[in-house]
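Since chain W is already given, all that's left is putting chain G on it; use the hints.
Chains as they are written, first to last, in the numbering used here: chain W, 35 to 268; chain G, 35 to 268.
By construction, these hints were calculated from the structure, which means they are not laboratory data. Mixed in with the good hints, there may be bad ones.
Put simply, identical chains are the same to the list, so a pair is met inside one copy or across any two.
[As the list claims (entries may be wrong)] Under the rule of at most 30 Å between Cα atoms (straight-line distance), these lysine-lysine pairs were calculated in the DSSO-like manner:
id, residue 1, residue 2
1, Lys51, Lys219
2, Lys84, Lys114
3, Lys167, Lys219
4, Lys163, Lys245
Protein chains: 2
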Amino acid sequence: MTVKIKTRDRILQASLKMFNEQGERNVSTNHIASQLGMSPGNLYYHFSNKAEIIFELFNGYQRAIADSVVLPEERLLTFKDTVRYFEMIFQGLWDYRFLHRDLEHLLNENDALREQYLTFSLITMSAGKDIIKGMNTSGIIKANTTEIDALLLNLWVILTSWSSFLQSIDVQNAMPGAMDPWALKRGIYQVICLIEPYGTDAARLDLPELKASYLGGVDTDPLLLFQLPSGVSK
Amino acid sequence: MTVKIKTRDRILQASLKMFNEQGERNVSTNHIASQLGMSPGNLYYHFSNKAEIIFELFNGYQRAIADSVVLPEERLLTFKDTVRYFEMIFQGLWDYRFLHRDLEHLLNENDALREQYLTFSLITMSAGKDIIKGMNTSGIIKANTTEIDALLLNLWVILTSWSSFLQSIDVQNAMPGAMDPWALKRGIYQVICLIEPYGTDAARLDLPELKASYLGGVDTDPLLLFQLPSGVSK
Numbered sequence: 035m036t037v038k039i040k041t042r043d044r045i046l047q048a049s050l051k052m053f054n055e056q057g058e059r060n061v062s063t064n065h066i067a068s069q070l071g072m073s074p075g076n077l078y079y080h081f082s083n084k085a086e087i088i089f090e091l092f093n094g095y096q097r098a099i100a101d102s103v104v105l106p107e108e109r110l111l112t113f114k115d116t117v118r119y120f121e122m123i124f125q126g127l128w129d130y131r132f133l134h135r136d137l138e139h140l141l142n143e144n145d146a147l148r149e150q151y152l153t154f155s156l157i158t159m160s161a162g163k164d165i166i167k168g169m170n171t172s173g174i175i176k177a178n179t180t181e182i183d184a185l186l187l188n189l190w191v192i193l194t195s196w197s198s199f200l201q202s203i204d205v206q207n208a209m210p211g212a213m214d215p216w217a218l219k220r221g222i223y224q225v226i227c228l229i230e231p232y233g234t235d236a237a238r239l240d241l242p243e244l245k246a247s248y249l250g251g252v253d254t255d256p257l258l259l260f261q262l263p264s265g266v267s268k
Numbered sequence: 035m036t037v038k039i040k041t042r043d044r045i046l047q048a049s050l051k052m053f054n055e056q057g058e059r060n061v062s063t064n065h066i067a068s069q070l071g072m073s074p075g076n077l078y079y080h081f082s083n084k085a086e087i088i089f090e091l092f093n094g095y096q097r098a099i100a101d102s103v104v105l106p107e108e109r110l111l112t113f114k115d116t117v118r119y120f121e122m123i124f125q126g127l128w129d130y131r132f133l134h135r136d137l138e139h140l141l142n143e144n145d146a147l148r149e150q151y152l153t154f155s156l157i158t159m160s161a162g163k164d165i166i167k168g169m170n171t172s173g174i175i176k177a178n179t180t181e182i183d184a185l186l187l188n189l190w191v192i193l194t195s196w197s198s199f200l201q202s203i204d205v206q207n208a209m210p211g212a213m214d215p216w217a218l219k220r221g222i223y224q225v226i227c228l229i230e231p232y233g234t235d236a237a238r239l240d241l242p243e244l245k246a247s248y249l250g251g252v253d254t255d256p257l258l259l260f261q262l263p264s265g266v267s268k
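This is chain W alone, in the form it adopts within the complex:
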């Protein structure tokens, strides 16, 4: 007996892939149905419009992020724990990158999504704050309340803007998807660098190795990103 993916899930998977690769605005429900070799009527049996598909995909994104930011209950946080959080968050952001690339438009067009996104933002920011406070309690970082607040907001902007930033470089170089393989890791490297100055001496001992693993031997100079250094290939 073969495992058969439900039609509804096939529609969601294909939509996500097409939205991420082609941009949500360029993909209609007819395109999705055609891609799956199904009739538009069959698709409409599962989702009455594109907004419903987007809303359901957003729910998947929200679950992925919520599952990523759970504090360990019976021990203190380590720097690697927190990097692992950011890795999972980045992965979620990347898997659903169409959402943040054209967020204003999506929120303007979709009242249900707008409401849900506000709740999501508040929950995620709140969880992020708990993580940063937890790092402070564990003695990984040393930061006062205003520093934690500023760090949290800068983290939020970097995380939610990273895929748009990468895309803008790709588009400038007319090389779509050129940086996919190492782009996520570079994002995590940037986030580690954002937190590093607050790190305590003990916690910073592990950082050079950790940073090197995310940098993957690529030069740190951001100017090279815009010039797509040789040796960096898809």
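Below, chain G alone, put in the same frame as chain W:
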């Protein structure tokens, strides 16, 4: 004799205002002509299509940014100098905020803009690097090469994403433009906080006052941004 603004400049001014307020995709050349009470034919006499208007506006943006990032020739940089740079850059970004809100789309649609934008990115990143290195030379900050690179890239992402971030909060709260008056200042505050950990003890003496002036008495908690704190009004 009254001063008369040239028609060409009137078109550019009206376009910029409409693009910023309504989003570039929602504004056609017919809308712009109508707003100015001129015939589409008169507008086409000056610009043969919307792409030309956008390209010309981008040139204005590029000049504004280029004029902002010039190092003082005969003295060392101070922290206030650098904050002043970021203030001018933020103002440029804000004045032309339609560009960064929908950058991918604009670059995809407009080959001339894409080429120009890449050059602009390289020049601006390079100038930004000179400023950060200058801060290091002046003893305002203490950072090694990899720290300077990471800081520069994080600055670029925060600066170019700030107006999209604000817009996403406004949209979530269904209150367009609600945060205009203090939103720029908060962005500058965030940038100061990004650089602060690298600041030397002497340079940091001025920072509490400087930060307070950009914060304007608003609570630092980012969660409140999403909830639009009472007392913050348009």
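Right, here's what the structure says about each hint:
1. Lys51 x Lys219: within (21 Å within a copy, 38 Å between copies)
2. Lys84 x Lys114: neither (39 Å within a copy, 50 Å between copies)
3. Lys167 x Lys219: So Lys167 and Lys219 pass the 30 Å test inside a copy (24 Å) and across (26 Å) alike.
4. Lys163 x Lys245: both (23 Å within a copy, 21 Å between copies)
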